[in-house]
Amino acid sequence: MNGPITALFFLLALIAAIAALKVKDLLAVAVILTAFGFFVALLYTALGAIDVGFNEAVLGAGVTGVLFVVAIHHTQRRSID
Amino acid sequence: MGLLLVAGPGLPAFGDPESAAAGHVSAHFVENAYLDSHTPNIVTVIIADYRGFDTLGEVVVVFVAGLACLFLLRRSNPQQTGYLLRRTDSIIVDLATRVMTPIIQVFALYVIFHGHYSPGGGFQGGALFAGSILLQRVSQGHENSQHTFSRHLDTPFAIAGVLIFAGLGVVTLLAGGNYLQYDQLPLGLRLDMLRNLGILVAEVGVAFAVVGTLVSIFDDLSCTGRGIPRD
Numbered sequence: 000m001n002g003p004i005t006a007l008f009f010l011l012a013l014i015a016a017i018a019a020l021k022v023k024d025l026l027a028v029a030v031i032l033t034a035f036g037f038f039v040a041l042l043y044t045a046l047g048a049i050d051v052g053f054n055e056a057v058l059g060a061g062v063t064g065v066l067f068v069v070a071i072h073h074t075q076r077r078s079i080d
Numbered sequence: 000m001g002l003l004l005v006a007g008p009g010l011p012a013f014g015d016p017e018s019a020a021a022g023h024v025s026a027h028f029v030e031n032a033y034l035d036s037h038t039p040n041i042v043t044v045i046i047a048d049y050r051g052f053d054t055l056g057e058v059v060v061v062f063v064a065g066l067a068c069l070f071l072l073r074r075s076n077p078q079q080t081g082y083l084l085r086r087t088d089s090i091i092v093d094l095a096t097r098v099m100t101p102i103i104q105v106f107a108l109y110v111i112f113h114g115h116y117s118p119g120g121g122f123q124g125g126a127l128f129a130g131s132i133l134l135q136r137v138s139q140g141h142e143n144s145q146h147t148f149s150r151h152l153d154t155p156f157a158i159a160g161v162l163i164f165a166g167l168g169v170v171t172l173l174a175g176g177n178y179l180q181y182d183q184l185p186l187g188l189r190l191d192m193l194r195n196l197g198i199l200v201a202e203v204g205v206a207f208a209v210v211g212t213l214v215s216i217f218d219d220l221s222c223t224g225r226g227i228p229r230d
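Protein chains in written order, with numbering that gives the first Met the number 0: chain G, 0 to 80; chain R, 0 to 230.
What the hints contain is simulated information worked out from the structure, not anything from laboratory work.
Since the model is a prediction, treat every value here as computed from it, not as a measurement.
Backbone N, C-alpha and C fix where the C-beta goes; we use that ideal spot for every residue, glycine too.
Derived Cβ-Cβ restraints for the label pairs, each shown as a range: (1) Asn143(R) <-> Leu10(G): 38 to 46 Å; (2) Lys21(G) <-> Met192(R): 52 to 60 Å; (3) Leu66(R) <-> Ile4(G): 35 to 43 Å; (4) Asn31(R) <-> Leu7(G): 34 to 42 Å.
If we strip away everything but chain G, and leave its shape as in the complex, we get:
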């Protein structure tokens, strides 16, 4: 696909990654990482790798978000650093 759309998805993924580092509430971070996975899936699809984009959307934007939430329930909800 064309350059500007790919650059937009890169920018969105970058913003989501920086937000995931800055936010203190870890449950919100799990949701932001889910959004990051979705932007990366769009990026893969824009670059032409549709199967990889499908995989990233299902696993990165679905399953690992749920696993993060369960892992946070075992530790604490407030980030230490």
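The hints should help you fit chain R onto chain G, whose structure is shown.
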């Protein structure tokens, strides 16, 4: 480590159109994939037929990851430690997940079996199916969702997936060909339809393994009952 440093610069440049993989091998795959296996989706043909051995290794790695989580995390008796997840109190969430779950599952089966013709295949469809089971666990609670998919089924599903894929190779060995050479399957079909069928069985094995491992990891993580701690 030293060998890696010495041999590393000898690899072709990243994205080099003159390299062996981009020159001869890709052209061979693109030209012959449909003729060899009667399957329009070239990606599925490559990962399940031409590079089927690598996909078998990947399925085994997924299974071993599930086993590692089992050894590290699994509690033997959730009745004693308690279930972490309770049934949701909200009618909206309850009804919405009950409507969505069969739709997700049918779509997951469609993705698995339609991987020959559209983007998809075993990994994607298996992960979707596991997602529907996780949805049941999270919304209906651990106890009620045992009727949908019991936690005793996790590891058998994963083992069944690995056995289906590896067993396919053994069947072709016994029929006289190489390991995972689908041409030699002892059914009376045309050669390219045999490879079509071999790819299908491989994808089903992958889907079983992915479902078993993902639900197993989730159950290992969430079957201890301390509840939600305060910040």
